[in-house]
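**Student:** Okay, here's what each chain looks like letter by letter:
Protein chains: 2
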Amino acid sequence: MGRPSRVGRPRKDTDRASAREVLLTAAHELMSERDSIDVPLIDIAQRAQLNVALVTYYFGGKDALLLELALRHQARFGVELERLLDRPDTAEAKLAIHIRAMVRAYRRVPFLQRLNHKILRDSTEEAARALAKALVEPLRSFYVRLVDQGVAEGVFRRVDPMHLYLTTLGACDMLFSARTTLRFGFGVDQIDDDLAEAYAKHLQTTLRAGLLALPE
Amino acid sequence: MGRPSRVGRPRKDTDRASAREVLLTAAHELMSERDSIDVPLIDIAQRAQLNVALVTYYFGGKDALLLELALRHQARFGVELERLLDRPDTAEAKLAIHIRAMVRAYRRVPFLQRLNHKILRDSTEEAARALAKALVEPLRSFYVRLVDQGVAEGVFRRVDPMHLYLTTLGACDMLFSARTTLRFGFGVDQIDDDLAEAYAKHLQTTLRAGLLALPE
Chain A
1 MGRPSRVGRP
11 RKDTDRASAR
21 EVLLTAAHEL
31 MSERDSIDVP
41 LIDIAQRAQL
51 NVALVTYYFG
61 GKDALLLELA
71 LRHQARFGVE
81 LERLLDRPDT
91 AEAKLAIHIR
101 AMVRAYRRVP
111 FLQRLNHKIL
121 RDSTEEAARA
131 LAKALVEPLR
141 SFYVRLVDQG
151 VAEGVFRRVD
161 PMHLYLTTLG
171 ACDMLFSART
181 TLRFGFGVDQ
191 IDDDLAEAYA
201 KHLQTTLRAG
211 LLALPE
Chain B
1 MGRPSRVGRP
11 RKDTDRASAR
21 EVLLTAAHEL
31 MSERDSIDVP
41 LIDIAQRAQL
51 NVALVTYYFG
61 GKDALLLELA
71 LRHQARFGVE
81 LERLLDRPDT
91 AEAKLAIHIR
101 AMVRAYRRVP
111 FLQRLNHKIL
121 RDSTEEAARA
131 LAKALVEPLR
141 SFYVRLVDQG
151 VAEGVFRRVD
161 PMHLYLTTLG
171 ACDMLFSART
181 TLRFGFGVDQ
191 IDDDLAEAYA
201 KHLQTTLRAG
211 LLALPE
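Residue numbers (our numbering), protein chains in the order written: chain A, 1 to 216; chain B, 1 to 216.
It is worth saying that the hints were derived from the structure and are not from the lab.
Treat each hint with caution, since some may be false.
In silico contact screen, one side only, chain B against chain A (beta carbon under 8 Å); selected entries [claimed, not checked]:
#1 Ser36
#2 Pro40
#3 His117
#4 Arg129
#5 Arg140
#6 Val159
#7 Thr167
#8 Asp173
#9 Met174
#10 Ser177
#11 Phe186
#12 Gln190
#13 Tyr199
#14 Gly210
#15 Leu212
Only pairs whose alpha carbons sit at most 16 Å apart, straight line, appear in this in silico EDC-like list of lysine to aspartate or glutamate [to be verified]:
#16 Lys201/A <-> Asp86/A
#17 Lys62/B <-> Asp122/B
#18 Lys201/B <-> Asp160/A
#19 Lys201/A <-> Asp122/B
Heads up, the beta-carbon is just placed ideally off N, CA and C, and yes, glycines get one too.
Please take these sequences and the hints and turn them into a complete structure.
**Tutor:** This is the structure in structure tokens:
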């Protein structure tokens with residue numbers, strides 16, 4: 001019976017947390033379904049069955065909601081990258097594991113790459129610099145250390161980590177950002193497990209062979 | 001002195017053609033500068049120093065203007081692809097030439113990939129099918145024939161042409177669609193000739209090695 005003035009709080013906090021989750025999930029679903037990151041706020045609120053004013057109340061606006069979505073996914077991915085680097089595997093094996101993880105991550109969050117670009121583009125210079133630390137740095141650092149390891153093992157040629165970053169992320173993302181191209185250009189209506197796995201395998205084989213040091 | 005009723009026509013046609021060009025150029029410039037395909041119609045008109053109503057008059061609307069821009073660039077690229085296929089080169093050489101041409105094309109039109117996706121996504125099913133013939137089919141067909149030739153020459157492994165299409169285009173596009181990522185994540189402020197050429201070379205080497213048939 002102590003702290004009577006705070007009796008209502010826990011419930012309120014739960015509601016708040018739950019409303020935030022519902023809004024984040026609604027934004028995620030709509031961007032995935034529509035294959036576009038330009039989803040109106042009103043549609044997000046409608047899908048969440050919440051008043052549109054609550055987005056401002058809980059997040060401060062749509063941009064902040066999208067930022068939280070991107071940071072969450074990127075944080076999760078950053079943890080995976082750290083774990084992967086710490087494994088006792090060869091650089092070749094790590095590259096293969098990483099490629100499959102990327103394809104799977106983009107399958108869960110097909111708009112992630114586009115969302116990250118948009119966030120950095122629409123931010124002020126100062127904010128973009130801070131955000132890049134969360135959105136880009138974990139991956140940049142991963143590629144630098146992966147190439148160093150592969151070269152030290154005598155297996156990879158000395159490739160520019162930024163080039164490898166662009167090639168791998170661009171190739172992974174393309175399967176998911178070109179959905180209508182696949183549909184109308186190649187007759188592929190759905191990116192199912194089989195296609196995602198086959199494409200991951202193609203990238204693993206191609207990039208592995210593409211990075212091997214040429215024999216003396 | 002014949003056909004007096006048409007005296008004013010040639011001048012009007014020239015004006016019309018020239019206003020269309022000015023609007024297309026304005027849209028192109030703004031999308032390149034802002035690193036975004038979401039450029040308001042009013043800004044396009046302002047850059048072109050023309051009344052915004054003229055966009056509707058000349059094109060029927062902004063979507064039609066963007067479509068014409070995409071079709072033009074794609075048509076030019078389609079002609080290049082046909083010429084390349086008809087050359088007496090090996091598949092390996094054609095792949096290298098194609099990669100450099102793609103990087104150069106995206107450097108001229110950094111938003112081309114995103115614009116094509118948007119056009120297909122925002123079209124009706126029927127329109128998207130027709131547009132895919134112009135926007136995707138020349139490239140799809142190029143990759144099918146390139147892989148066939150490389151396999152016939154005993155040099156390439158039997159890779160899925162769609163996979164190769166996604167890998168090559170995704171990797172080429174990433175250099176130009178991730179400008180803010182490069183800037184704030186890698187400290188690269190400008191995509192100059194040196195970077196574009198170095199990246200094209202990286203892709204040529206990586207994909208060539210990645211496609212080679214494994215020795216028996």
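**Student:** For the hint on Thr167/B, just tell me whether its beta-carbon gets within less than 8 Å of chain A.
**Tutor:** holds, 4 Å
**Student:** Hint Pro40/B vs chain A: min CB-CB distance below 8 Å?
**Tutor:** With a minimum Cβ separation of about 13 Å from chain A (threshold 8 Å), the hint on Pro40/B is violated.
**Student:** Is the straight-line distance between the alpha-carbon of Lys201/A and that of Asp86/A 16 Å or less?
**Tutor:** Violated: Lys201/A and Asp86/A sit about 23 Å apart, past 16 Å.
**Student:** Holds or violated: Lys201/B and Asp160/A, Cα atoms, limit 16 Å.
**Tutor:** holds, 11 Å
**Student:** For the hint on Arg140/B, does the least C-beta distance to chain A fall short of 8 Å?
**Tutor:** holds, 6 Å
**Student:** Answer holds if the nearest beta-carbon of chain A is closer than 8 Å to that of Leu212/B; otherwise answer violated.
**Tutor:** The hint holds - Leu212/B has a Cβ within 8 Å of chain A, the shortest such distance being about 7 Å.
**Student:** Is the interface hint for Asp173/B satisfied, with its Cβ closer than 8 Å to some Cβ of chain A?
**Tutor:** holds, 6 Å
**Student:** With a cut-off of 8 Å, does the beta carbon of Gly210/B approach a beta carbon of chain A closely enough for the hint to hold?
**Tutor:** holds, 3 Å
**Student:** Please check whether Phe186/B passes as an interface residue: C-beta within 8 Å of a C-beta belonging to chain A.
**Tutor:** Phe186/B check passes; min Cβ-Cβ to chain A is 5 Å, inside 8 Å.
**Student:** Measuring from the C-beta of Ser177/B to each C-beta in chain A, is the shortest one below 8 Å?
**Tutor:** holds, 7 Å
**Student:** Report holds or violated for the interface hint on His117/B, using the least CB-CB distance to chain A and a cut-off of 8 Å.
**Tutor:** Since the shortest Cβ distance to chain A is 6 Å, the answer is holds.
**Student:** Would you check whether Val159/B satisfies its interface hint, that is, whether its CB is within less than 8 Å of any CB in chain A?
**Tutor:** Holds, about 7 Å.
Violated hints, listed in ascending order, are 2, 12, 16 and 19; each of the other numbered hints is respected by the structure.
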